[in-house]
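Student: Okay, here's what each chain looks like letter by letter:
Number of protein chains: 2
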Amino acid sequence: MAEFEAIAKQFVEFYYKTFDENRANLAALYRDDSMLTFEATGILGTAAIIEKLQNLPFQQVQHRTDTIDSQPSADNGIMVMVTGALMVEGSDRPMSYTQAFQLKMDGGSWYVFNDIFRLVYPAA
Amino acid sequence: MAEFEAIAKQFVEFYYKTFDENRANLAALYRDDSMLTFEATGILGTAAIIEKLQNLPFQQVQHRTDTIDSQPSADNGIMVMVTGALMVEGSDRPMSYTQAFQLKMDGGSWYVFNDIFRLVYPAA
Chain A
1 MAEFEAIAKQ FVEFYYKTFD ENRANLAALY RDDSMLTFEA TGILGTAAII EKLQNLPFQQ
61 VQHRTDTIDS QPSADNGIMV MVTGALMVEG SDRPMSYTQA FQLKMDGGSW YVFNDIFRLV
121 YPAA
Chain B
1001 MAEFEAIAKQ FVEFYYKTFD ENRANLAALY RDDSMLTFEA TGILGTAAII EKLQNLPFQQ
1061 VQHRTDTIDS QPSADNGIMV MVTGALMVEG SDRPMSYTQA FQLKMDGGSW YVFNDIFRLV
1121 YPAA
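Just so you know, the protein sequences line up as chains A and B, in that order.
Going by my numbering, the residue at position 41 of the first sequence is 41; the numbering climbs one at a time, nothing skipped.
Each number in my numbering comes from the position in the second sequence (counting from 1) with 1000 added on.
FYI, nobody ran anything at the bench for these hints, they're computed from the structure.
All values reported here derive from a predicted model rather than from experimental measurement.
Don't be surprised by glycine CBs; every beta carbon is placed ideally from N, CA and C.
Any given hint could turn out to be false.
[Claimed, not checked] Between beta-carbon pairs, the in silico distance windows are:
| id | chain 1 | residue 1 | chain 2 | residue 2 | range |
| --- | --- | --- | --- | --- | --- |
| 1 | B | Gly1042 | A | Gly107 | 44 to 52 Å |
| 2 | B | Gly1045 | A | Asp33 | 39 to 47 Å |
| 3 | A | Gly42 | B | Gln1060 | 42 to 50 Å |
| 4 | A | Asp106 | B | Asp1106 | 45 to 53 Å |
| 5 | A | Ser109 | B | Asp1092 | 36 to 44 Å |
| 6 | A | Gln62 | B | Gly1107 | 41 to 49 Å |
| 7 | B | Ala1028 | A | Tyr121 | 40 to 48 Å |
| 8 | B | Val1088 | A | Glu39 | 39 to 47 Å |
| 9 | B | Arg1093 | A | Arg64 | 21 to 29 Å |
| 10 | A | Lys52 | B | Asn1055 | 17 to 25 Å |
| 11 | B | Pro1057 | A | Asp106 | 22 to 30 Å |
| 12 | A | Gly42 | B | Asp1066 | 45 to 53 Å |
| 13 | B | Gln1054 | A | Gly107 | 22 to 30 Å |
[Said to hold, decoys possible] Looking from chain A toward chain B, a few residues come up when the C-beta cut is under 10 Å (computed):
| id | residue |
| --- | --- |
| 14 | Ala6 |
| 15 | Lys9 |
| 16 | Met87 |
| 17 | Gly90 |
| 18 | Trp110 |
| 19 | Asn114 |
[Stated by the list, open to error] Computed cross-link-like contacts, SDA-like style, restricted to lysine to any residue with a CA-CA straight-line distance of at most 25 Å:
| id | chain 1 | residue 1 | chain 2 | residue 2 |
| --- | --- | --- | --- | --- |
| 20 | A | Lys9 | B | Asp1075 |
| 21 | A | Lys9 | B | Lys1017 |
| 22 | B | Lys1009 | A | Leu119 |
| 23 | A | Lys52 | B | Ile1043 |
| 24 | B | Lys1009 | A | Leu44 |
| 25 | A | Lys17 | B | Pro1122 |
| 26 | B | Lys1052 | A | Lys17 |
| 27 | A | Lys9 | B | Arg1064 |
| 28 | A | Lys9 | B | Glu1005 |
| 29 | A | Lys9 | B | Leu1044 |
| 30 | A | Lys9 | B | Ala1124 |
| 31 | A | Lys9 | B | Ala1024 |
| 32 | B | Lys1017 | B | Arg1064 |
| 33 | B | Lys1052 | A | Leu26 |
| 34 | A | Lys17 | A | Leu53 |
| 35 | B | Lys1017 | A | Lys52 |
| 36 | B | Lys1017 | A | Ala124 |
| 37 | B | Lys1009 | A | Phe117 |
| 38 | A | Lys17 | B | Ala1124 |
| 39 | B | Lys1009 | A | Lys9 |
| 40 | B | Lys1052 | A | Lys52 |
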């Protein structure tokens, strides 16, 4: 496995584990120039991103990742695309999602520069 | 609409129109440093990417885009994530897909630097 793939995999596992345990701790993965587009809503910066994630209309959620693909990207970053399913409290139907990240290095640690999330509905 | 959004939308429309009409013409959108990860298979450079796309196990395909999200990305690029459905010849069942691109500027025109494609199967 190439180094960028190992970093992407480790990032994705940590990201969703943290999301499902305590979303507030995701703050460590963003910076003030981080962008999140969550179901078409655009949000800039750590504080606003964490506020958005904490105010999603569910308290408990479990993510399952089905695929993790990554590539080296511009400016020594890593582009990551995930597909998977999430299960929220009070529902017995998992929902498919896809999420694309661009990771950048900042002072020796990786952070999320770009983040785009979408639920994926059945095609037919 | 911000300029990067307009560029992303125009790119996505042109990309799938070209894909569905004559895949070989997609060569104009890639460069020798372009990366494609297609269903986990990694491919580098225009020639290899076009060969891969031309040898997919269907001759006729129609893409439908359901969502197009974009953000400014590192190195003055644009990150784009698409969700949609594709219908291949001989099947009456559309399949969901997601595709993430990073566009870069080269000599006044945009090209695909990163490209990750995945079919998305129903979650449950």
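Student: Next, verify each hint and record whether it holds.
Tutor: Structure-based check of each hint:
{"no.": "1", "hint": "Gly1042/B / Gly107/A: 44 to 52 Å", "verdict": "30 Å, violated"}
{"no.": "2", "hint": "Gly1045/B / Asp33/A: 39 to 47 Å", "verdict": "31 Å, violated"}
{"no.": "3", "hint": "Gly42/A / Gln1060/B: 42 to 50 Å", "verdict": "36 Å, violated"}
{"no.": "4", "hint": "Asp106/A / Asp1106/B: 45 to 53 Å", "verdict": "27 Å, violated"}
{"no.": "5", "hint": "Ser109/A / Asp1092/B: 36 to 44 Å", "verdict": "49 Å, violated"}
{"no.": "6", "hint": "Gln62/A / Gly1107/B: 41 to 49 Å", "verdict": "47 Å, holds"}
{"no.": "7", "hint": "Ala1028/B / Tyr121/A: 40 to 48 Å", "verdict": "32 Å, violated"}
{"no.": "8", "hint": "Val1088/B / Glu39/A: 39 to 47 Å", "verdict": "28 Å, violated"}
{"no.": "9", "hint": "Arg1093/B / Arg64/A: 21 to 29 Å", "verdict": "24 Å, holds"}
{"no.": "10", "hint": "Lys52/A / Asn1055/B: 17 to 25 Å", "verdict": "42 Å, violated"}
{"no.": "11", "hint": "Pro1057/B / Asp106/A: 22 to 30 Å", "verdict": "43 Å, violated"}
{"no.": "12", "hint": "Gly42/A / Asp1066/B: 45 to 53 Å", "verdict": "18 Å, violated"}
{"no.": "13", "hint": "Gln1054/B / Gly107/A: 22 to 30 Å", "verdict": "44 Å, violated"}
{"no.": "14", "hint": "Ala6", "verdict": "15 Å, violated"}
{"no.": "15", "hint": "Lys9", "verdict": "13 Å, violated"}
{"no.": "16", "hint": "Met87", "verdict": "9 Å, holds"}
{"no.": "17", "hint": "Gly90", "verdict": "16 Å, violated"}
{"no.": "18", "hint": "Trp110", "verdict": "13 Å, violated"}
{"no.": "19", "hint": "Asn114", "verdict": "5 Å, holds"}
{"no.": "20", "hint": "Lys9/A / Asp1075/B", "verdict": "24 Å, holds"}
{"no.": "21", "hint": "Lys9/A / Lys1017/B", "verdict": "33 Å, violated"}
{"no.": "22", "hint": "Lys1009/B / Leu119/A", "verdict": "19 Å, holds"}
{"no.": "23", "hint": "Lys52/A / Ile1043/B", "verdict": "36 Å, violated"}
{"no.": "24", "hint": "Lys1009/B / Leu44/A", "verdict": "21 Å, holds"}
{"no.": "25", "hint": "Lys17/A / Pro1122/B", "verdict": "22 Å, holds"}
{"no.": "26", "hint": "Lys1052/B / Lys17/A", "verdict": "35 Å, violated"}
{"no.": "27", "hint": "Lys9/A / Arg1064/B", "verdict": "30 Å, violated"}
{"no.": "28", "hint": "Lys9/A / Glu1005/B", "verdict": "29 Å, violated"}
{"no.": "29", "hint": "Lys9/A / Leu1044/B", "verdict": "21 Å, holds"}
{"no.": "30", "hint": "Lys9/A / Ala1124/B", "verdict": "23 Å, holds"}
{"no.": "31", "hint": "Lys9/A / Ala1024/B", "verdict": "33 Å, violated"}
{"no.": "32", "hint": "Lys1017/B / Arg1064/B", "verdict": "10 Å, holds"}
{"no.": "33", "hint": "Lys1052/B / Leu26/A", "verdict": "38 Å, violated"}
{"no.": "34", "hint": "Lys17/A / Leu53/A", "verdict": "14 Å, holds"}
{"no.": "35", "hint": "Lys1017/B / Lys52/A", "verdict": "35 Å, violated"}
{"no.": "36", "hint": "Lys1017/B / Ala124/A", "verdict": "21 Å, holds"}
{"no.": "37", "hint": "Lys1009/B / Phe117/A", "verdict": "17 Å, holds"}
{"no.": "38", "hint": "Lys17/A / Ala1124/B", "verdict": "21 Å, holds"}
{"no.": "39", "hint": "Lys1009/B / Lys9/A", "verdict": "30 Å, violated"}
{"no.": "40", "hint": "Lys1052/B / Lys52/A", "verdict": "40 Å, violated"}
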